[in-house]
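What follows is the residue order along each chain.
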Amino acid sequence: MAAPAWYSGSVGLSALVRSLGGALDDYRKLRRGFHWDTPRPAEWPEASNAVPDRPTTLGWARMEPVRSLRWALQKGMLMPFTEVMAHPKVEGEEWVQELHRPVILASNHTSHADTPLLLYALGDRVRERTVVAAAADYFYSRRVIGFLTSLWLNTFPFARTGGPQEVLNRSSQLLKSGWNLLVFPEGTRSDTGALQEFRPGVGHLATENRVDVIPMHVRGAHRIMPKGRNVPLPAQATVRIGKPLKVGEGETSRSFAERVEKAVHELADGAESAQVTGSWIDRWQATAPRKTRR
Amino acid sequence: MLALTFDRNIPAYALVKAAGGRPDVATSPLALLHLEDVEPPKLPGSDWHRVHPQVSGICGSDIAAITGHASFYMDPLTSFPFIPGHELCGRLDDGSRVVVQPVLGCAVRGIDPPCRMCAEGRIGLCENVTEGEIEVGLQTGYCHDTGGGWGELLVAHESQLYEVPDALTDGAAMLTEPLACAIHAALRTGAQPEDTVLVMGAGCLGLLTVAAVKTFTPPRKLICVAKYPHQAELARSLGADLVVAPGEVYQRVRFATQARRVDTIGNLLEKRPVLLGGADLVFECAGSASSLSDSVRLARGGGKVVLVGMPGKEEVDWAPIWQRELQVTGAYAYGVEANGKRTFDLALELAPSLKLDRLAGPFFALEDYRDAIEYAMSSGRLSAVRVAFDQRSEA
Amino acid sequence: MRPGAVVEVDRNTPPTLFHYGEGFRLERLPLGSRIIYPPDPMDPIGHPERAIRRALTKPIEDDPLKDLLRPGMKLTIAFDDLSLPLPPMASPDVRQLVIEEVVDMAAHAGIEDIQLIAAIGLHRKMTADEIRHIVGDRVFTAFWPDRLYNHDAEDPADNVQIGKTSNGEEVWLNRRALESDLVVYVNLTLVPMDGGQKSMSTGLGCYRSIKEHHTVHTLLNSNSYMHPPDSALHHSCIRQGQIIEDAVRVFHIETSLNNHAFPAIANFLQKRETDWTTSDQAAFYALKQATDLAPPDLKRTMFHSMLAPYGMTSVQAGQVDKVHDKTLEAVRSQMLVPVEGQTDVVTMGIPYLGPYNPNSILNPVLVVCLGLGYLFNLYKNKPVVREGGVVIMSHPTRYEFHSVHHPSYIDFYDEVLADTTDSAEIEKRYEKRFAEDPWYRQMYQQSYAYHGVHPFYAWYWAAHALAYLGDVIVVGGERSTVHRLGFKAATTLEDAFEMAEQTVGRYPSVSHLRTPPLLLAEVE
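The listed protein sequences derive, respectively, from chains A, B and C. Residue 79 in the working numbering is what sits at position 79 of the first sequence, and the numbering runs on without skipping anything. Residue 1041 in the working numbering is what sits at position 41 of the second sequence, and the numbering runs on without skipping anything. Residue 2137 in the working numbering is what sits at position 137 of the third sequence, and the numbering runs on without skipping anything.
Source of the hints: derived by calculation from the structure; they are not laboratory data. This one's a predicted model, so the numbers in the text were calculated from it and none came from an experiment. Think of the CB as a built atom: it goes at the ideal place given N, C-alpha and C, for glycine as much as any other residue. Warning: the hint list may mix true and false statements.
Here are the simulated distance ranges between beta carbons [stated by the list, open to error]: (1) R2175/C <-> G1190/B: 32 to 38 Å; (2) H2217/C <-> H87/A: 32 to 38 Å; (3) G1340/B <-> H2217/C: 28 to 34 Å; (4) T1264/B <-> G76/A: 31 to 37 Å; (5) R2070/C <-> R254/A: 41 to 47 Å; (6) G1020/B <-> A2282/C: 40 to 46 Å; (7) L148/A <-> S2279/C: 31 to 37 Å; (8) H2108/C <-> F81/A: 56 to 62 Å; (9) G1095/B <-> T2420/C: 34 to 40 Å; (10) R2433/C <-> T1264/B: 40 to 46 Å; (11) D2067/C <-> G76/A: 39 to 45 Å; (12) K1017/B <-> G2486/C: 50 to 56 Å; (13) H87/A <-> Q1327/B: 40 to 46 Å.
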């Protein structure tokens, strides 16, 4: 065992006194040199948070053990709650039963209750592989809210101004890594419950990634929790799922987005036409179980 | 003279009401009914007679009065204190057996010309029950001046007296009065031969209504709702085609009338189903809220519900009456029927063939009135129909 | 597979299990009595899907199904309802496997107009969940409720008369089936009574055609209806079926099951008492105590949630009669037990479930139907009990009815049986009234009630037994109910034997039907 070195200069009582003295000195400088609790001089330039927020993909929300935790939360609390509040009726669930490739799910948006209802309609297997595009400026302006929605609903921040290419890139990344993407192409909740004009982003995403879009429509969510109310009230809701739309050869993103809008409109009207709901043969074949070796 | 008297007494009423009609409270010394030595009633006129009650029944309306359930509607039409007892068989001073028709109409009160109701023969509806030579009172047994069956002596106008044929025992004769009520109800409403008729309740009045309907207006099907086995047996022997228990009444009536039944599922506040269809005519003979509520649901649309048993202030859902366009009508007392015969005469004619002895008893002495009232209050459970006071001398 | 057996009770025989509604009794039978045990379950087909595909491509006396399907045609698939099998089969039901195969072929052929009809006849309509259990999730989500629905025998627009048989029996059929270019019937045969021409004529018929053979007269002449050649009921059904075959193109698919009727938890019900292991005894003991203590509703929920691990033993398709012959062969090879001679007394335990009360209550009328109808008639040649003999059943026979499923049963019990228990008398005086009661009709059409006339058929089912037997004794039954049914009530089995001796004489010979699992006694 080596004895402590006796010769090191700045140890012991003298070093302590010196550093304490230094601390006091620093305090004095700061205390006098800056404006603490006093008005900021007018000639100073406007204050700014010059360091940008650390960008987050919220990738943690799509990793274990968060996925398992979310599965338990949804299965144990969110879905039973949805069931009790809305007694959701689901039509066309065969279109999402046996999805082989990631898809974009496009729905109308009237209420915060839409997302749980849509997730309910998707069924356990698809829900587990679906991320929800949530307005970056609404949900992610506050840390805690953003954290909670990501945890519960598997959301990711989506800038709705349609601008930054980065957001679309991130969405594409998610699609490419095998996640289904639930988007609300209207961009915001409808005040009246009526359908609004779709934004073209959904078309970009689909054409760029060559994925199908499944139109969905929720009826009744507006009664459960319209815009501006924070407490849900029980009411019956219906979710209709339409036939997947494929991007046609050479189809522009804008015209494809229009096609999606039309399909959601038809679902809203309750149309039974084969373009939207498909013939029974299409639906039957969509639900064919994956071939496995027995 | 020994008699049971009933007086108006607010604290006693409050006590009885608060006890919910418990028999031990309702017959206690603090209650409304007392056994006392009172002045015998005086003869108001020369055409009045002294009647010595032999047997005197305890009617449902008496029980209602004693337990504080009677409607205050009757209050101004009664003179206090009175001696209850209006269904009785008595003897005159000369020893002949009579029944007393208790209604105190114009003829009894010596009013001439009579009111329009009495002139029509509907003495039960007499408009002069407050006038004349005796005190206010609808009937003997509710009038201070006449005495009543629950005392040793009462006075009756000669128009009230009917001689009892030898074929009738005292007990059977006592039931002439309720039988007359039943006959009046049956004749007043007149069931058609193709009707289905429902009699709710198989107490004394219910059973006699069954007999009266069967005799005077035999319908296609006569259904009686009876709670207790002895009531069911009596109802069957008095002419009911079908006897059903209260719990199964909707099911059985539905079947009998080929109605459709609509149940509400998950309504905890109203368990009663709705019948689309139902009985043409319902005689309500229990006078209770639940029986009334059932009656208005069991009658078909446009049907008729007849209240025979005395109701009080009961809570009944009026919606079925309104929606089914029901005729709800009362049937009170007796008089002269449409065929020109007096109801009591009809009753005395019919009574011997009904073997009404079975319905009378057990008998109690006036002194044992507490036991008697208590027995009468649970007569169904104790397999009795009409409990009565017996004042016949031991000879 | 071990065949069924008749075992004589000796000193070493353990006590015998009696089913007793939602419960059991363990009884000692007199020495020398015989116990008739069903055969063990046959080995099921290893690859049911493959067998089904083979049956569809190589039908009996018919073209392969593929060749019958062409685009633009009207295709109707009809299937048996939840009265089969008992208890309900654990998923996947064989009907699901068959229907999925047929639908797959139809999808492949591009047939747009396809409908699936549950051939319920006069049974109650099945709830969505019950249908989902039979046809499976995939078929259900694809077709419910517009193209997959219950037959409605009371909708005048939905039922068409197609003719009369040579005996003057009316033949009616579901309109959609009649208008189809092809009807594929998917059947499941559990006992020899089911299937064949009876499937279409009863399942898709209405009261006017079913009443032609569901009469006291035919049932008295069906000895027994578990053996079609001796059954007037089946002769009539075949006559009707031939008229139907002339009117519609029918492709019949029949399946048969083994008798593995109880899940692992109730293994002891499947075994003979002599084979019970300690764990079987423990399971019995636990279940017995539980059922003795539990309230009826809880017991019922428990028992009705039991699903049977049935295995498919055969599947064949093609022309109705030819197919049915093969099916019956398979069913018989599973059920048949040779029995020597009749006995004076037959004892049987009545289980919690009959064909008419899945997810419901076995009410007193259905107890009679199950005991003296189905179990008594599980014979070939002649009954196990001699003419004038006594049947002793064990069942609690409480006054219990399911008010949604069995509204007409309640009135049948309260109004009809209170008057008379004589089948012929009942038929004459009451049947028409019940069949035409508007409320029953409404409950059948819009709710989940058996048809108004159904309790009559349940009662007629026992007509042959009632005419044949000297007496019927119910052990452990509620006295008032048993008397209403016209039987005698005994508290213990010993008392019942004492009472039986008054009818059949001292020291009677006794057989016990140890069933379910079901057996078919071939009495020499």
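Hints, one by one, checked against the model:
The given range of 32 to 38 Å is broken by R2175/C and G1190/B, whose C-beta atoms sit roughly 49 Å from each other. A C-beta distance of roughly 51 Å is found between H2217/C and H87/A, which places it outside the suggested range of 32 to 38 Å. For the pair G1340/B and H2217/C, the beta carbons lie near 57 Å from each other, so the given range of 28 to 34 Å is not met. A hinted range of 31 to 37 Å holds for the C-beta pair T1264/B and G76/A, which are about 34 Å apart.
Between R2070/C and R254/A, the C-beta spacing of about 43 Å keeps the proposed range 41 to 47 Å intact. At about 54 Å, the CB distance of G1020/B to A2282/C disagrees with the hint of 40 to 46 Å. For L148/A paired with S2279/C, a C-beta distance near 50 Å fails the hint of 31 to 37 Å. Distance hint check: the CB atoms of H2108/C and F81/A are about 42 Å apart, inconsistent with the given range 56 to 62 Å.
A hinted range of 34 to 40 Å for the beta carbons of G1095/B and T2420/C is inconsistent with their spacing of about 54 Å. Checked against the given bound of 40 to 46 Å, the beta carbons of R2433/C and T1264/B, roughly 27 Å apart, lie outside it. The hinted window of 39 to 45 Å between D2067/C and G76/A is violated, with their beta carbons roughly 52 Å apart. A beta carbon spacing of about 52 Å between K1017/B and G2486/C agrees with the range 50 to 56 Å that was offered as a hint.
For H87/A and Q1327/B, the Cβ-Cβ distance of about 44 Å falls inside the hinted range of 40 to 46 Å, so the restraint holds.
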